Structure formats: structure tokens, C-alpha cells
Amino acid sequence: MLDFVIESVIKVVVVFAVLMLFVAYTTWIERKVLGRIQVRHGPNRVGPFGLLQPIADGLKGFFKEDIIPSNTDRLLYALAPALSIIPALLVVAVIPFGDQFTLFGRTITMRITDINVGLLYILGLAGLGEYGVMLGGWASNNRYGLLGSLRTAAQMISYELALGITLISVIMVSGSLSLVEIVEAQAGLWNVFKPILWVPFILYIICGLAEINRTPFDMPEAESELACGFNIEYSSMKFAMFFMAEYAHAISLAALITCLFLGGWNLPFVATPGFLKLPVFLAKVFALVFFFVWERGTFPRLRYDQIMRFGWKVLMPIALANIVVVGLYYTVIA
Amino acid sequence: MLQNYIPILILFLLAAGFGLGVVVISMFLGPRRPDPSKLSTYECGMEVEPGARQRFDVKYYLVFMAFLVFDVEVVFMYPWAVRFQKLGLFGFVEMLIFLLILLVGYVYIWRKGVLEWE
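Chains as they are written, first to last, in our numbering: chain C, -15 to 318; chain Y, 9 to 126.
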């Protein structure tokens, strides 16, 4: 038991540190790739290729004045950034990023834990993540902030619904809520290549992007109309934490898509040698992160009424129909 | 079984420590030179008289209600989805009936104009 706890603590600390590093460097990837898309260089002054930029940004965040506007709700105002980053960091707990390896005669699994309700746990955390944004906008006592947080809340719950319905078809095929079992069931044939499952794959990417508030669904921040939205009154590290939460969400969304549809650590069609599993998983995650940046550089922002209409009137019916079609296929035809 | 949740607890402690720690540290590390205009609400420079917390569109409220109803119904489908392949055709037809009832509510809120944002 003590062994188990010590092993868990070490794993948690290592995964946490690596996740923080990925979060920092996802901002670098985003700025660099967006720069190239817009025919400019992106950050290139701090360190070689601007590689030290995320660290400089973090340090700068700590040493800037932490302004607490006088008519805010002080407690909620201070808590909101923490409330938004904690669920974002907790998602990694159930994501399997590799199989297992042996170190000093101990078999170590490459995941923090495996619970049999993994997907429900992730959906629950997605719901909790909204509190940080909502309370942040509310506590700021600012019209833009309140409007931003209301929009966010309505948008996130609408797409969370479509997301939840989409996931059902994946669970129907996998027969499990545990991410490890879902990944293991995809050895040889990824979910996305199974009949019909490319539909939920596309739906999941769209809903996921709306859920983590990325362009083309970045309503909560809509710089040009809401002057930054819910985080308008935030400064210093509190401001930075909202963005860390956002990038942590982007990474965990990429990891989830990898686990649910792209076979996790499995290579397509062939057996994967043990030492390749972690690199294969990370390659997929970063390919998806690159995709998120790419689409940000490509699509304009939707209007708010378009977003809500699309979520409720287009995605919902497709997601519901998808369950029926998958059900028909796997009971009647297969 | 319950032991699988211990690592989640450890991660939670670490994440909560990080989140709250950074909030506290940033309060002390930066400079602190407040003045009235810096501490005022960041809007257009005018005094914000009644505060921001005024009435807002009832649309949001309706969407939250619709979400609550549908999300609860969706949660019912998760256990079914896990057992789907073992339940076979019978279970599938039962879920179709459930979906049909869900659809009635969906068509109702659509016709009532809850989903209109113009």
C-alpha cells in the first residue's frame, strides 16, 4: 500500500511537470505557427527560435501588479482562476499515454490511474471547468465580463450536451467507460476506421473546440466585441492562469480524441512495439494540437446566434441520429 | 477498486496547491501601487453607476433549463451504452422508444422558439 502511494506520488509529480511544460510550449507552438500562417516570424527574440518565450512570459506574469478592482467580489475574484485551472489539470489523471514498462523489477503503468468510469469523470470535470469562467465574469462586476461569462456558460453547456450524446456511440462500440479498455480495444483497428464512427469523430472535434472555447467558437473572449470577455478585469498571474487552463484543456482534448478515436498508443493496422507506444501517443497529440492552431489561423469567428443555432439545431439532431444509425448497424447488420 | 482513486486525490491536492499557491504568490510578488482610477471598473471611463449586475436576456435562462432536462436524459443513456452489445436488439428498441420521448421535448422547445437567438 505504501509502495503504491509512493509510486503514485512520483507518477503524479512527473506527469504534472510534463503537462506544465507542454502547456507552456503549446503557447509557443501556437504563436509560432500562427505567425507563419500570417507570414511573420512569431516570437524569435528570447532564446533560440524564441524557445524561452513561455518562461519569460510566466516570470513576467508573476512580477506584474495584481490589480483587484474596488467593486469586485474579492473572494470569488481571487478563487475563479484557481477554480478554472484545477479541473483542467485533473483531466490527465485518467488518460493512458502508454502501456507499461519495467523499472528495477517493478512494473510501472504509463498512466496515473485507470478508473472504470473514466469518461464520466472527464465529463464531470468539463462541467466543473465552467465555474471558473462564470464566477470570474460575475465577480469582476463588469458589463463585458458578465456578458462574456453568460455567453460562455450558455455556449459550453449547449456543446457539452452534443458532446455527451456523441460520446454515447463510442461507448456503444467499445462497451466500456474506461479509457484504457477503449484504447486496448482499438489495437489493429482504430475507432475512426470502424464503420460509421467517423461521424462521431468529426462531431467530437467540433463540440470539443466549442467546449474549450477555441476559434471559431471563441465567443467568451471575442476581443473585438467584448474587450476580452470574462477575464477583462484580471491581471498578473490570475490572468495567465485562465490561459494556462485553456491550453491545458486543448492538450487534454487532443489526448482524448487520440484515446477515443485515433487508437491511443496503437499504430494503425500493425502491432506496436513497446518502446514506440509513448512516442506514437505524443505524436498524435501534437498533430492534433497543431491542427487546433491551424484551424484558428483559418476560420473566422462565428456570430453568437450562429453558434447557438448550430449547436442546438444542427449538431444535436446529427448526434441523436448518429446513435440510432450506430445502433442499427451494430445490432441488425453486424 | 477504491484504491484507483488515490492517485486522483494526490493529483487534486497538487493541482489545488498549485492553483491557490499561484494566486497567493502573485499577490505578494508584484508591485502594489493602487489609485482610484486603476481600481475602477475597466469600461469606457465613465462612472459605472448601478453596477454591472442588472437584468439580462431571459434566453440564457431558457437554454439552461433545456440543458438540465436533456443532460439528465443523456446520463440515463450511458449505462445502456456500456451494455449495448450484450442487450442486443431488444435493448436497442427500448432505447429508441426513450429517444422518441426525448425527441418530443426537443421538438416542443424548438417550436416554442427557445432555440431562436435573433
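Keep in mind that the hints are not guaranteed to be accurate.
To be verified - No farther apart than 27 Å at their CA atoms in a straight line, the calculated lysine-lysine pairs in the DSS-like style are these:
(1) Lys48(C) to Lys46(Y)
(2) Lys44(C) to Lys16(C)
(3) Lys297(C) to Lys67(Y)
(4) Lys67(Y) to Lys120(Y)
(5) Lys46(Y) to Lys44(C)
(6) Lys(-5)(C) to Lys16(C)
(7) Lys297(C) to Lys94(Y)
(8) Lys178(C) to Lys94(Y)
No lab work stands behind these hints, which were simulated from the structure alone. Values in this document were obtained by computation on a predicted structure and should not be read as measured data.
Structure-based check of all given hints:
{"no.": "1", "hint": "Lys48(C) to Lys46(Y)", "verdict": "holds, 14 Å"}
{"no.": "2", "hint": "Lys44(C) to Lys16(C)", "verdict": "holds, 19 Å"}
{"no.": "3", "hint": "Lys297(C) to Lys67(Y)", "verdict": "holds, 16 Å"}
{"no.": "4", "hint": "Lys67(Y) to Lys120(Y)", "verdict": "holds, 12 Å"}
{"no.": "5", "hint": "Lys46(Y) to Lys44(C)", "verdict": "holds, 20 Å"}
{"no.": "6", "hint": "Lys(-5)(C) to Lys16(C)", "verdict": "violated, 31 Å"}
{"no.": "7", "hint": "Lys297(C) to Lys94(Y)", "verdict": "violated, 32 Å"}
{"no.": "8", "hint": "Lys178(C) to Lys94(Y)", "verdict": "holds, 19 Å"}
Figure legend: structure checked against the earlier numbered hints; hints not met, in rising order: 6 and 7.
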